[in-house]
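Just so you know, the protein sequences line up as chains A and B, in that order. Each step along the first sequence adds one to the number in this note's numbering, with nothing skipped, and position 30 is 30. If you want this note's numbering, it's the 1-based position in the second sequence plus 1000.
To be clear, the hints were calculated from the coordinates, so they are not data collected in a lab. Positions of the beta carbon are idealized from the N, C-alpha and C atoms, including for glycine.
Beta-carbon label-pair distances, calculated as ranges:
#, chain 1, residue 1, chain 2, residue 2, range
1, A, 18, B, 1254, 27 to 37 Å
2, A, 30, B, 1108, 26 to 36 Å
3, A, 1, B, 1052, 24 to 34 Å
4, A, 61, B, 1204, 42 to 52 Å
5, A, 17, B, 1241, 21 to 31 Å
6, B, 1468, A, 1, 48 to 58 Å
7, B, 1112, A, 51, 50 to 60 Å
8, B, 1643, A, 64, 50 to 60 Å
9, B, 1251, A, 17, 14 to 24 Å
10, B, 1493, A, 61, 51 to 61 Å
Okay, derived cross-link-like pairs now, DSS-like style, lysine-lysine, Cα gap no bigger than 27 Å in a straight line:
#, chain 1, residue 1, chain 2, residue 2
11, B, 1478, A, 78
12, B, 1609, A, 149
13, B, 1082, B, 1326
14, B, 1255, A, 42
15, B, 1485, A, 87
16, A, 42, B, 1160
17, A, 2, B, 1100
18, B, 1485, A, 95
19, B, 1609, A, 120
20, B, 1211, A, 95
21, A, 87, B, 1609
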Amino acid sequence: MKISCSINNVETLIEAEAEERLLTTLRRLGYISVKNGCMQGKCGSCTILLDDLPVPSCLLYTGSIQNNAIVTLEYFAKTPDYEDISKAFTQTGIKLCGFCNAGKYFSAYDIIKKNDRPLKEEIEHRVSHLLCKCVDNESLVAAILLASKIRFKRLGGIAHGKR
Amino acid sequence: MASTKKPVKKKAEYIHSYYTDLDVNDQLYASIIRSPVSSGTIRSIVHPDLPEDYRIITSKDIQGTNVITVLDTSFPIFAFEKVSYIGEPIGLMCGPDIRKIGRLMHELDIKYTEAQISDNENDPAMTGEQIIKHSVIQKGDPNTTFVRAAVKLEKTYTSKHYIKTYKELLGCLAIPEKKSITLFLPATWACHIRKTVSAALAVEEDSILIKSTITSDSANTNLWASSMLAAQSSIAAQTTGKPVKLVLGRNEMEKFIDNPVTFTTRFQAALEKSGRITGLTARVMVDTGAFAPFADDIINKIIVSAMGPYKVPNFQIEVFIRRTTKPPFSVDINISDAHSLFALELFIQEISRRIHIMPHELRLLNYEEVKQENDKDNDAGEDKNPVQYPDLNNGKILSTLENVLSRSDFLRRYVSFSLTSEAKNSFIHHAPIRGIGLAAGFQGSGFLSSKLLQNSVSLEVTMKMDESVIIHALTHSKSIQHIWKTQAASILSIPEESIHLDPESTLGCEEEIPETMSNKISTLTTLVKKCCNAIQKMRFRQPLPIKIKRTIQLQKNSSWNMETLTGKPYHSIAWAAAVIEVEVNTFTYELSVLSVWVTIDAGEILHPKDAELSIKKSIELILANSMTTQVLSAQSISVTFIESQEDSKEIGSCMNDVIPAALLNAVSVALHKPVTIFPLETDTIYSILTTKEEL
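Chain A extracted, bound-state conformation:
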């Protein structure tokens, strides 16, 4: 079947079998930042932004996509939001393994986008599903807190999310 959607801000017509998982389709199309981790929606390595929300692409049927906006890490890596998070990770001394980057970056983005000043407990809860333990949770939470401050500062101290 033919599916119309936007991938990384480009209108695209995908040809795929309806029951094919979006992870497989995206990798076939060359978006290799989407990694095949658990195929059970629990490790976070295949995370994409679907209409600006982080979702595990291994659980989505490609056939269920219709006129949605998909963003992968290839595109996200060129955005200022990525820069903020990346800077925070570096300053906290975090070195990601490379396989789980999509899960960590998109989760962090979702947290700091929705709340300019997220609480530690809130972050702990939101990252607890990321099963790749290449970083300990304490450091990851500290990095996301720092990323929220960097983003807040970049946006001129204007609150965009709830407090």
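Here the structure of chain A is known, so what remains is to put chain B in place on it, guided by the hints.
Structure of chain B alone, referenced to chain A:
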């Protein structure tokens, strides 16, 4: 005329990419056809209507030898005449569309004759053939001490150290060319891959080019798995003449690659009333599945660590390696001794609980060596008892233990939690209960009885004309790269950007041992320091470029004797102690890890921040895999390194020696009953809480 032919350098080239992200034109995919029976003979594999572009590859297509040899153990690349376990590879299905391969696999007709075999240890049909290795070592006379003992205790512990990671699936992309074949895969043991593929294809080793991609964690456990997958995809590529990509499925990884070995350890102790252990026997049963290529290393490491740092005057250690018709189990050789250390630390906790002595006091009491009557005879010149205590650098454990005890306020918490959990039936119902557990252990690297140990490790460092430096070694670990660069930059007073890593050197063939064997990093780090110091002395006296080679002889001057346990069994030993505080929810039987305190003595810590993050990561990973029904995570982790100017030691896997034991000891204090199975389940906690303890 003298020959000027340069020796061929057989080195794997490193590619900073995942092999699963690589695709080439005209590429075929492959899936492994597996045996439907655990024992018997496969007679044929047929498909009633195989499409033109698809084919089945079996052992008949192999032009060389159908064998993988790991140390003294051999097993087939594709089983045919005889299968040894359910799911053993018997062939490959190849074709251009991976989805179609999946459908065709379901339609296969595999004809076989099944043989009956018993795996049950208690079954009288179980023969001696199933015990493939057995070793026993004894000091003194433990049997007599049991007759005289004031207290006797016995307990059996079962452990499966299971680190489930969601990293890249193992496999290989094999691209055939006219006179060579190129393999893209995470190659931690490139030398073995090259030898296996060369023998399977009946081609020269030099015609096999290995491009080592980013290494996944699974590559550390089943060291031979990469060789098997490389051989299988290469055979398919040679047969079809096309590139073949073989990627295991997640289920295959869990069943055949990441399945952990079960260690069952039974301890019996004879004690004085003071808590002094006078006799201890350990009987360890290891079920390794169908093949046990590293059986000798496993047995020897268990024997060395079974008594840990405890100076028990009379002991017997007996280890059995069993072969069963289960798939060959994964074991990380670096942590095979963690199981016996784990069981020992749990048993010590159980002794302290039963005889009402504080856990740390019991430990300190039994770290001390007691002169025995028969030792006095030895002093008189009669060598009645040649077995000794291995030299594990035990002095380090005292400072490590003291540090972690004081930081965690262990004594106060232990007494408080023990009293509460002991009396919980009388005044507390359905309240969260807390526990605190202690464990100490060591990580040895460069095991001198290992068949995988090199006699020596060499390294070259070159300072070029422009004063840039090349370290002729490579590791995928960013932390280790950083440590090497920082160290070289500091010694040579040059910026880190001028230091590069390149595995090419004049040292010849790639190393015979797996890249992940733990002695490599500490020895290479020491060698980087030695080479840079030598360059620093020469650089203003001699013209550039300067190339320096340094070597560490691992077995030189070693007095280690495995038969008598005399001498130092490891090239270097790091000690660690951990305290964990937990809370058990008595409504849901779920566990919360409140705090983890860890103290490590690992010599000079070259990059403290990286080391701390690496230890914290390791703790999180172990905790996340400590319960099968819950993903545990620590609310706070505190890591301290004892300051030291000694050479740096490996710490990569030392948390495996202490975290599982400290966690289960904490749960045991909370429940006021022994916990004997790792990993835990909420059902286990429930049954421990609700059943009466049998004394």
